[in-house]
Amino acid sequence: MLSGYLRSWSSSLKLSDFIFAHMDQILREWDAFARKVAPAGSDLPESVLRDHAQSMLSDIARDMRESQTPEEQRLKSEGQGTHAGAGDSAASEHGSQRQARNFTLLQLSAEFRALRATVLRLWLPHVPRDDPQTVRDLMRFNEGIDQALAESIISYAKRTHQTRDLFLAVLGHDLRSPLTGILLAGDLLAQGRVPPDKVAQIGANLARGASVMGHIVEDLIGYTRTQLDEGLPMAPTACDVRKVLESAIADATATYPGNHYQLQSAPGLVGRYDPTRLYQMFLNLLVNAGRHSREGAAVTVQAWIGPDALVVDITNQGEPIPPDKLESIFRPLVQLTGEDGVTRSGTSLGLGLFIAREVAKAHGGSITARSSAAEGTTFTVRLPHGKATGTEAAAQAEP
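Each residue of the sequence shown is one higher than the one before, counting from 1318 in our numbering.
No lab work stands behind these hints, which were simulated from the structure alone. Heads up, the beta-carbon is just placed ideally off N, CA and C, and yes, glycines get one too. Incorrect hints may have been included.
Said to hold, decoys possible - With a Cα cut of at most 25 Å, we get these calculated BS3-like pairs of lysine-lysine:
1. K1678 with K1560
2. K1515 with K1560
3. K1353 with K1560
4. K1642 with K1353
5. K1642 with K1475
Stated by the list, open to error - Label pairs and their in silico Cβ distance ranges:
6. I1519 with P1639: 24 to 32 Å
7. I1519 with A1583: 35 to 43 Å
8. R1493 with E1383: 50 to 58 Å
9. R1493 with A1434: 44 to 52 Å
10. A1567 with R1345: 51 to 59 Å
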């Protein structure tokens, strides 16, 4: 029906008119391609996939209806049109949002390539190829796509630089506090005037500062590996998950003495996992829960064996996280602010939850979050049953 409709007035069908008349069809194809090139595991809703696509197409179509000088045409072909680099254009916003959603530059440019190909594939069969109007429309449309792509890349690069600078600034802040404590403790011990009853406390402070720095370094190494597509190194073996939880709770309490954790778990949570990675995952979740827990409220940890997975719930009582932010908190360097209805520290790299989810994924599992004022915030870890051998299970069960 569409092809018959187009043939009836194809000789006068301008590309700008076609874009407005068939916007929904073009956007449906955009959705399908954007979902195909989106970062693995992102499962983005339609509203995010379309992002600013309709506004970009509308801007291009409206621009095609306006006259332009040869100089304006040359600038657009070089990606230097009137709005190139403007932070308020739809294309610029699209580039910024795609960077925030962990799209690569190749994935971003592939979206524009697909958009160009989709529009032309749908339009060209219904217009005369040798018609001067067709040639002019082709040139103007390609100029518009090139300019939109240039604006998106500029915005993407700007946000990337801002993220890098923020990363370095926050890293320096996070390392400075424990490092200052270590230096002060070292100076006191070097003077040789520390009363014997204070040595143990100074030693505990040194260990705590080194532990904090160690956690930061481990998260940085894990993050770097994921960005280089190396993945987290895994060494599955017989593992008592309860013991791993107890160790992570002990270290989270030592690192942040004000936190209080309650573990509810039966013995026998034995499976084949990487205990070092599980410890890293649980520690990050526990520290995050303790940091955002209301003063005096305990963090509860519940672990059990479900029908198809080992499940661990970590719950804290604090300010609830808005539903639309429950996924973004797993992305590095994403900070929630008072504008989100919740107060968050602005001095954290935000790598902890990212690394925790990567560890779960490496085990074939998942981490999800839910949050409400009545029930608190709960992170649920699900790990597929990793069966240990009889000998391994018996060894892990021994006291």
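field: E1383 and R1493 - C-beta distance against the hinted 50 to 58 Å
entry: 54 Å, holds
query: Does the hinted range 35 to 43 Å hold for I1519 and A1583 at CB?
result: About 39 Å separates the Cβ atoms of I1519 and A1583, which means 35 to 43 Å holds.
query: Can the suggested window of 44 to 52 Å be confirmed for the beta-carbon pair R1493 and A1434?
result: 51 Å, holds
query: Is the straight-line distance between the alpha-carbon of K1353 and that of K1560 25 Å or less?
result: Distance of about 41 Å is beyond 25 Å: violated.
Cβ separation of I1519 and P1639, checked against the hinted range 24 to 32 Å: 42 Å, violated
query: Using the C-beta atoms of A1567 and R1345, is the stated range 51 to 59 Å upheld?
result: Since A1567 and R1345 have Cβ atoms about 54 Å apart, the given range 51 to 59 Å holds.
Restraint status (C-alpha distance of K1642 to K1353 at most 25 Å): Within the cut-off at roughly 23 Å; holds.
query: Under the criterion that the straight-line Cα-Cα distance not exceed 25 Å, is the pair K1515, K1560 satisfied?
result: 32 Å, violated
message: Given the hinted pair K1678 and K1560, is their Cα-Cα distance within 25 Å?
response: Holds, at about 21 Å.
query: Are K1642 and K1475 close enough, with their CA atoms no more than 25 Å apart?
result: The hint holds at about 23 Å.
Hints 2, 3 and 6 from the earlier list are contradicted by this structure; the remaining hints agree with it.
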